[in-house]
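Each residue of the sequence shown is one higher than the last, beginning at 1 in the UniProt record's numbering.
Quick caveat, the hints were computed from the structure, so don't treat them as lab data. Do not rely on the hints blindly, as some may be mistaken.
As the list claims (entries may be wrong) - Lysine-lysine pairs mimicking PhoX-like chemistry, simulated, CA-CA at most 20 Å apart: (1) Lys83 - Lys22; (2) Lys83 - Lys18; (3) Lys19 - Lys83.
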Amino acid sequence: MGEQKNKDLSKGEFIFGKKNYKFMLIGLGVIALGFILMSGGGSNDPNVFSPDIFSFRRIRLAPTLVLIGFGIQIYAILLNPNKK
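Whenever a hint applies, use it, and build me the whole structure from the sequences.
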């Protein structure tokens with residue numbers, strides 16, 4: 001009897017609310033954008049040095065976006081969706 005009741009209660013509930021999932025998707029998008037901005041900068045010829053790898057975008061902007069994205073993820077997990 002108790003087992004059937006537990007199955008009914010847990011069947012229709014999500015762990016997080018709609019607001020939490022929205023923030024998680026935003027955080028995931030910011031992280032993906034950071035990794036996309038970090039990519040590239042290589043040279044086709046291994047004997048030629050490309051100073052593109054030391055650009056502001058790859059050294060400062062992209063890692064900052066990744067860290068901000070992780071911060072948004074933590075906020076989304078800790079956010080209480082029932083609080084008004």
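Evaluation of the provided hints:
no.: 1; hint: Lys83 - Lys22; in the structure: holds (16 Å)
no.: 2; hint: Lys83 - Lys18; in the structure: holds (13 Å)
no.: 3; hint: Lys19 - Lys83; in the structure: holds (11 Å)
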